[in-house]
Amino acid sequence: MHSNAKSPSLSPNPHLRTECALRWLLAVIALASLAGCATQTVQPWQRGTLARWDMRWDPDPLQAAMDQHAYFSKEGTSGEIGAAGGGCGCN
Amino acid sequence: MGCPCALHLETHDESVAQAVLAAVTGECARLDRKYSHYRDDSLVARIAASAGGAIEVDEETADLLDFAAALHAQSDGLFDITAGALTRLWDAQGGRLPDKAEITIALTVTGWQRVQWRRPVLRLSIPGMRLDLGGIVKEYAADRCATLCRDADIKSGVVDLGGDLALIGPHRDGTAWIVGIKAPRPSGQAAARIELPRGGLATSGDYERALIVDGRRYSHIVDPRSGEPVQGFASVSVVADSCLVAGAAATLAMLMGTDRGGAYLRELGLPHLTIRDDGRIDGDIVRID
Amino acid sequence: MRPSPSLSLLLAASAALTGHAPARADETGSEQYAGYRFNVYSEDALSAPALGDPRRYQVYSQQFLLITPIGNRNTLSVNATHEVMSGSSPWYVLPGADGRPIQVLSGATIRDHRSAATVSLTHDAGGNDTTSISASYSQERDYHSTAIGAERTLPLNAALTLGFGGSFSHDRIEPFEAMLYDRIQRAEKNTTSAFASLSLVLDRYSVVESGIQLNYQSGYLSDPYKLVSVGDALDPDTRPGRRSEAAWLLRYRRAMNENAALHLDSRLAVNSWGQHSLTLAANWYQSLGDGWQLVPGLRYYSQSRARFYAPFFAENAGPFFSSDYRLGAFGAAAANLNLRKRFGHWEFSVGAERYHAATGYALGGTALADPATVSYTRMFAGLDFHFD
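Chains as they are written, first to last, in the working numbering: chain X, 1 to 91; chain B, 1 to 289; chain S, 1 to 388.
If we strip away everything but chain X, and leave its shape as in the complex, we get (with noise of 0.2 Å):
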């Protein structure tokens, strides 16, 4: 069943270190952006939208669990915010 071809060479990607030092480099700015960021501040009495169903960070959250679990057993490195599952073998 074994054929005697020689594997392909390993050898490294020559763009996955630009590729690696660009996304630092937005990681770095978005952070910036972020600190820098002027805000309005918010009276109690405006924050009637903000409580919306369609505001919230996961509306639906049997969705949103099953979508963490089918991007978690496909890819390689999937994970989200907030406490881990339960595991399973599907990783």
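Rather than coming from a laboratory, the hints here were simulated on the basis of the structure.
Be a bit skeptical, because a hint or two may be false.
Claimed, not checked - Derived SDA-like pairs: lysine to any residue, alpha-carbon spacing no greater than 25 Å straight-line: (1) B/K155 - S/N72; (2) S/K341 - X/P61; (3) S/K226 - S/V84.
As the list claims (entries may be wrong) - Which chain X residues face chain S? A few, computed with CB under 7 Å, are given here: (4) A51; (5) M66; (6) C88.
No experiment lies behind these values; they were computed from the predicted model shown.
Backbone N, C-alpha and C fix where the C-beta goes; we use that ideal spot for every residue, glycine too.
Put chains B and S on the given structure of chain X with help from the hints.
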């Protein structure tokens, strides 16, 4: 409070009932003293006297002002506690239609946008401006009285301040209180009878105070942006978890008029009843007849 | 019952006067509801050259959720899942005659089921100050996992909320047919994870959250069901006994008008196996009136390969090697659409997602083609009942 008030209670203990009645009467008197605009010694009068300068207000007043500010923002300026001067012009007691000049003068001292409100400091920028909290204090008072009763361990009852109701709790056997919604014309009969399982019922209506000139009705509900009365319902009643929210919803619907008010009430999702000038009744409150 | 947008505004505005705290965007404390979902997950048959049954995984799963307040300040959440899985799975990869990798699938149809439950208790001290603890258990024929976690949110000022927490899980695997296929008989793995996040109210219509998550795993991290072609032999999948990961998440929610909201989510992660990944997702929540809501969404994912990944290896490779496509470089694009309708206390929802992974979609490209990247369709139907 300037209206007939009643307290309905169910309790074993007569002395508890008497004590609670005294507490509730005291609370209503306190709020009346503080917010009435017929009295010279009320907080409202002192606020009016401070116009042109600044005044620091207490927590309770600050919460009421925050609420009024929210309603102003949500109604695009229709709900405005500075509109007292305008409302008085269109009051039935005047007996006649106001003229353009009077409206213009009243408009100069109207407008929440001319008020600087940075809790706890209130600044009415124009001398002559007055705040009229009548639209929210009555419902707030009803909720406060209901809370006082619950704190005194009363579990069944209804507070009735001139038709604005706050529920203390259902009948002792668990059934809901059956209450009546005032009719637009002072016929003495209720327009509808409904169950009140929770919260409060508030009715906003112009029946007693609308101006009738040459056979035409002019509502005393005035659009503070134009100075003219709105083409509105004869009355709007809303049920909500508190009399305050019910009252706010009813008032906003009245201000929005027949075209937008109905859509607003439906979108709100609270049980409501509207009655038009021609007597037509709409709304999804379940009536017991 | 979840209040309409205009009612939420009135409730929020009257909160100080009536003494009822309004439900915030991330609070479910005042709600009481039960939910049920039925999900179908179906992978496309493998199109690349393959040996064995090319039809891949199918999973039918049911989810139950109950959220109920206990007293004035506490909420209990109970969540249970049951899944039935079947299908064939990638087993090992062989170099074909022309050097192209050929995927060999497990052939025998796997049939397994998984049951899991999570219970959590949240205490709400008011003003966005919450503490919660949770415990979970998950069980399959060959896999058991127990986990506990705790988290806290704390308002720092009127606009800024801090969140942080940690969790620990202990997993045990006892592969079936271990003797027959010369697999390890029993192994364990521990995972410790911690996170910290800051959420910021930008204005009346928008909020943003930035968070860091760190994971550390140790124990048996290989896949006992997979083999790797190393020279002429087939060796068991062998991965390091430790892996740490750091991720940065960014989430943004914006109310576009009274009827629509935009959700943007992104995640950047790196791990000690040499992988890094990027996830971008966007969802649009559109109210259509009358209780209808339509939610389309898009997701893009890209990851790079682990240092010890290749479809197949020369002799003397090692000490670690794996040809599991999930350790390779690939990208994935997905589109989804959900529809919800509320009537009275009930809410009905349906949705579907189409997901397609390919080595060509990876950012930065890759020289290694992997034959087993997956494409799947997911669909669900759900029913919720709101008690209040």
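Here's how the hints hold up against the structure:
For the suggested pair B/K155 and S/N72, the alpha carbons sit about 18 Å apart, so the restraint of at most 25 Å is met. Restraint check: the Cα-Cα separation between S/K341 and X/P61 comes to about 17 Å, which is no more than 25 Å; the hinted pair holds. With a C-alpha separation of about 21 Å, the suggested pair S/K226 and S/V84 falls inside the 25 Å cut-off, and the hint holds. With a cut of 7 Å, the hint placing X/A51 at the interface with chain S holds, because the nearest CB-to-CB distance is about 5 Å.
Evaluation of the X/M66 hint against chain S yields a held restraint, the C-beta minimum of about 6 Å falling below 7 Å. Because the smallest distance between the Cβ of X/C88 and any Cβ of chain S comes to about 6 Å, under 7 Å, the interface hint for this residue holds.
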